[in-house]
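Novice: If you're matching them up, the sequences are chains A and B in order. The first sequence begins at 429 in the numbering used here and counts up one residue at a time. The second sequence begins at 429 in the numbering used here and counts up one residue at a time.
It should be emphasised that the hints constitute simulated quantities derived from the structure, not laboratory data. Incorrect hints may appear among the rest.
For chains that are exact copies, the list does not tell them apart, and a pair is met inside one copy or across any two.
Stated by the list, open to error - Computed list of lysine to any residue pairs in SDA-like fashion (alpha-carbon distance at most 20 Å, straight line):
(1) LYS684 <-> THR465
(2) LYS803 <-> ILE478
(3) LYS803 <-> SER627
(4) LYS452 <-> GLY779
(5) LYS680 <-> LYS695
(6) LYS803 <-> LEU524
(7) LYS803 <-> GLY511
(8) LYS793 <-> ALA825
(9) LYS695 <-> GLU711
Chain residues, written in single-letter form:
Protein chains: 2
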Amino acid sequence: MQIIDGSVTAPQGFLAQGVEAVIKKTDKKDVAIIYSTHPAKAAGVFTTNIVRAACVDVDRSHLENGYAQAIVANSGNANACTGQSGWDDTLAMARLTGQLLDVDPHNVLVASTGVIGVAMPMERIEQGIRAAAAGLSRQGGANAAEAIMTTDLVSKQIAVEIEIGDHPVRIGAIAKGSGMIHPNMATMLSFITTDAVISTQCLQQMLAASTDQSFNMISVDRDTSTNDMVLILASGLAGNECIDSPNSAVGKAFQKALDYVCTSLAKKIARDGEGATRLIEVEVINADSQTVARTVARSITASNLTKAAVFGEDANWGRILAAAGYSGARFDPGQVDIYLGGVQMAADGMGFEFDEERACWELQKDPVVIRVDMKSGQERATAWGCDLTYEYVRINAAYRT
Amino acid sequence: MQIIDGSVTAPQGFLAQGVEAVIKKTDKKDVAIIYSTHPAKAAGVFTTNIVRAACVDVDRSHLENGYAQAIVANSGNANACTGQSGWDDTLAMARLTGQLLDVDPHNVLVASTGVIGVAMPMERIEQGIRAAAAGLSRQGGANAAEAIMTTDLVSKQIAVEIEIGDHPVRIGAIAKGSGMIHPNMATMLSFITTDAVISTQCLQQMLAASTDQSFNMISVDRDTSTNDMVLILASGLAGNECIDSPNSAVGKAFQKALDYVCTSLAKKIARDGEGATRLIEVEVINADSQTVARTVARSITASNLTKAAVFGEDANWGRILAAAGYSGARFDPGQVDIYLGGVQMAADGMGFEFDEERACWELQKDPVVIRVDMKSGQERATAWGCDLTYEYVRINAAYRT
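Chain A extracted, bound-state conformation (with noise of 0.2 Å):
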């Protein structure tokens, strides 16, 4: 696997721009339009708030038939909790996209992120999506990037690519965080696009399986939004042997391929944590289960008090222990070291003489890594998190004014 540059038009049949459309207060890019010059598999997974943007149930809706063509994004307004009108505002985001690029509305999907419960301001959403419709090319990715950050620091790119027998596959995407970020699915988007040849089914499990262990691993600040997704649209291009079982030589290609893909990004995203200074990676290892792995994992890089006392780089593991005693997962923390990079904090659930300037030191790195040793299994989860800063406060006490 190789790292190319670009993003979600590198793979072949992909156009996209990003542009401003006065969405966001600010002077940004807020409406992005990434399309298939052919018709494409699609999949995508979906926030589990039970308070959901419109687009949400409009995109499940739109991809009952495994087919999708455009994606149409917005930042600066999530147009959820806006009733009705959100929904038929979601719809002619739809509507006016499939008009413009003559792409059955159906095949359409949008995405909207931004404030809630604030009416879409469609004059201005309707001139940004003829804008980006018409700026559509090969180097419009970056732009589109662009064009879905809200609180985010630094636009989110990446692509890879693989053989997969003598066909060059690539993937690309796009991803924005980066306050309201918790598992599962949190505000966070990201849009994938693949000129893998692929089923239906097969691209849906695979972007599921990419998405537990990557974007359903990062936590900012657990609260989870109403319109997060994750999409993937498949142009079939490459010309590749059909992937058609996750099982298949190809099939573990292209989803190690897309692991990397996802977790690249869901790093990104933690690391650009709003006020984040550091990204925290938390492994757990040697676990009885998957579940009490990944729910210790998670629960530890969603501790406030962990998370400031990285922000302190104060080496205070009891409150790591404390928060994976919490979690609900069952296991015996009297068999547990702990260990802060290189450095052993605790050992059978109890603390470890350890050298505090070496450990300050592993703080001030980034990532921050927290390694947790269960020894009472081989299960093993990877959770990303960021640390608690005044800057998180700051964003997040004046976000909306």
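Could you slot chain B onto chain A? The hints should help.
Specialist: What follows is chain B alone, placed relative to chain A:
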């Protein structure tokens, strides 16, 4: 019911004291004893974290006979994650207290709060226990309340008196917060005394019931601690008709007073949450079930985004509804009305034209009152939390060092 002066020594038969034993770095009281001159009926509720301090397990075992005569507590060191020596130190605290007060050590309850994973400085603890035992008095309740504080800014005490028949019956209590507060039973301690004549079974049932709607409904940061407990001792000196059923008239009167005591202290703990500038009270009304009402209320008080919005005086009802949505409770978001004090912000799950200035004014009040009307049933629940501030981050970025 009448609110009276004092706390744990207000009921007949109780003495208390709190002293400085240099367990905390700062020049503050850190060892406390509460003593009942007569063997008292006793009950307790404890942390649900599976990583528990030895004192939690020791107290459970000491409560098996339904009696206790003393509580010894220290702040500055939680004696959690300290293995066998931690266990031994807990028993040593009970033993020494028992010797000094001529009480069977099995009738002494132990409580510790503070940093996790550090060995107890037993020499200083023992000096503290000796000094506290020597100083026991009816005036010592306030000192005991101070001695259990960690990052609390104010000590927390209350006492009430009710009449049962012709007999005045008193309940007094102290408590401490203030970080790592999340239901169920977070880093909080509360010690309650009463002179009521009451059966042990009733005492346990009523304590659990009161805790469930008070201490278990507060959240500062969702972190659940290793050491939390609420203990109650009943000296029986009031001479009232024995309370032997929660459903009797006297049972109900006592429950109501106990609820008041626990709720008052719970609110004091939330208000004094680390870095908090305001108490947040979330009332969920007209829910389908108690579970839905409680789950939604707690989810909102625990939402970092909602807490930061209150700090920033930002009437961001979308975050409130989103927090309800990811709580895990099943409900129809399209029926929900949300009020901020007297200002309706959302109707039927959608934004509602409201006066931003009035909303901002409601957000400057203490407490900030959020009411969520689910319009689908008759159940209600109230939860309490606090805003998320720069000061919370500062305190927790450098607690241990």
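Novice: Going back to the hint list, which numbers does this structure go against?
Specialist: Violated hints (numbers, rising): 1, 3, 5, 6; every other hint is consistent with the structure.
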